[in-house]
Amino acid sequence: SQQGEEDPQALSIQEGENATMNCSYKTSINNLQWYRQNSGRGLVHLILIRSNEREKHSGRLRVTLDTSKKSSSLLITASRAADTASYFCATDWGGAQKLVFGQGTRLTINP
Amino acid sequence: EAGVAQSPRYKIIEKRQSVAFWCNPISGHATLYWYQQILGQGPKLLIQFQNNGVVDDSQLPKDRFSAERLKGVDSTLKIQPAKLEDSAVYLCASSSSGHEETQYFGPGTRLLVL
Chain G
45 SQQGEEDPQA LSIQEGENAT MNCSYKTSIN NLQWYRQNSG RGLVHLILIR
95 SNEREKHSGR LRVTLDTSKK SSSLLITASR AADTASYFCA TDWGGAQKLV
145 FGQGTRLTIN P
Chain W
102 EAGVAQSPRY KIIEKRQSVA FWCNPISGHA TLYWYQQILG QGPKLLIQFQ
152 NNGVVDDSQL PKDRFSAERL KGVDSTLKIQ PAKLEDSAVY LCASSSSGHE
202 ETQYFGPGTR LLVL
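Protein sequences, first through last, are from chains G and W.
Taking the working numbering as reference, the numbering of the first sequence is continuous, increasing by one, and the terminal residue is 155.
Taking the working numbering as reference, the numbering of the second sequence is continuous, increasing by one, and the terminal residue is 215.
Heads up, some of the hints might be wrong.
Stated by the list, open to error - Chain G stretches covered by chain W per the calculated footprint, using a threshold of three residues with CB under 8 angstroms from any CB of chain W: (1) 103–116; (2) 143–155.
Claimed, not checked - Below, simulated BS3-like cross-link-like pairs (lysine-lysine); rule was C-alpha separation at most 30 angstroms, straight line: (3) W:Lys145 to G:Lys113; (4) W:Lys116 to W:Lys184; (5) W:Lys179 to G:Lys142; (6) W:Lys145 to G:Lys70; (7) W:Lys172 to G:Lys142; (8) W:Lys163 to G:Lys70.
Claimed, not checked - Which chain W residues face chain G? A few, computed with CB under 8 angstroms, are given here: (9) Leu146; (10) Asp157; (11) Leu192; (12) Thr203; (13) Phe206; (14) Pro208; (15) Gly209.
To be clear, the hints were calculated from the coordinates, so they are not data collected in a lab.
Small disclaimer: the values here were computed from a predicted structure and weren't measured.
C-beta atoms are modelled at their ideal positions from N, C-alpha and C, and glycine is treated no differently.
Model the full structure from these sequences, guided by the hints.
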């Protein structure tokens, strides 16, 4: 079963706008990660946030984590055409190095 | 640093045939993963190796799927016989041991079963 669920399933915005994607999960976690997948390619790790962290930044990316609500959000600021991709959240499972992925959000940046 | 290598990139077979995928992880990475990603879904873990031992294969359909990592480096995933529902992208990933939690993914093998 998949631990995380992303919302929305698809998002289309204009270049330069901000994009926000949300992820909800079901069980306790040690960390949550976000990955990007360009069409026909493998996944690329974007950012990891630990359960004792509330917010983390990396360049134009901002991730928040609310463990009380079992949810996380990924904000991409000043979007670019190259940000067009699918974005997945992944949580650890049982403390092992095992990731469980959500269904993903398909982001399209329109020029 | 070279990334995770996978081959072939694409494979088309008929149902009931067999197929094998190969993965070479990042040098020095002890942990290797195989995922299945069906179109429109997130990757699902099939099997996880730590060196040449299996850590988790709870979601591997063992009646038709097998995987090995004999020397603790590269790995092979086999499907025999293939079914239509096996059409998917098969992703290999690796991570270093210990507290490393980031996984590094290869480009994947796209399998189409006709």
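Structure-based check of each hint:
1. 103–116: As far as the stretch 103–116 of chain G goes, the hint is violated, because 0 residues have Cβ atoms under 8 angstroms from chain W.
2. 143–155: With 6 residues closer than 8 angstroms to chain W, the stretch 143–155 of chain G meets the three-residue bar; holds.
3. W:Lys145 to G:Lys113: With Cα atoms ~24 angstroms apart, lysine 145 of chain W and lysine 113 of chain G stay inside 30 angstroms; holds.
4. W:Lys116 to W:Lys184: 5 angstroms, holds
5. W:Lys179 to G:Lys142: 21 angstroms, holds
6. W:Lys145 to G:Lys70: 17 angstroms, holds
7. W:Lys172 to G:Lys142: Between lysine 172 of chain W and lysine 142 of chain G the Cα gap is close to 22 angstroms, so the pair holds against 30 angstroms.
8. W:Lys163 to G:Lys70: 27 angstroms, holds
9. Leu146: 6 angstroms, holds
10. Asp157: With Cβ-Cβ at 6 angstroms, under 8 angstroms, it holds.
11. Leu192: The hint holds - leucine 192 of chain W has a Cβ within 8 angstroms of chain G, the shortest such distance being about 6 angstroms.
12. Thr203: 5 angstroms, holds
13. Phe206: Holds - the Cβ of phenylalanine 206 of chain W comes within 8 angstroms of chain G, reaching about 4 angstroms at its closest.
14. Pro208: With a closest approach of 5 angstroms, the proline 208 of chain W hint holds.
15. Gly209: The hint holds - glycine 209 of chain W has a Cβ within 8 angstroms of chain G, the shortest such distance being about 5 angstroms.
When the structure is compared with the earlier hints, a violation turns up for hint 1 alone.
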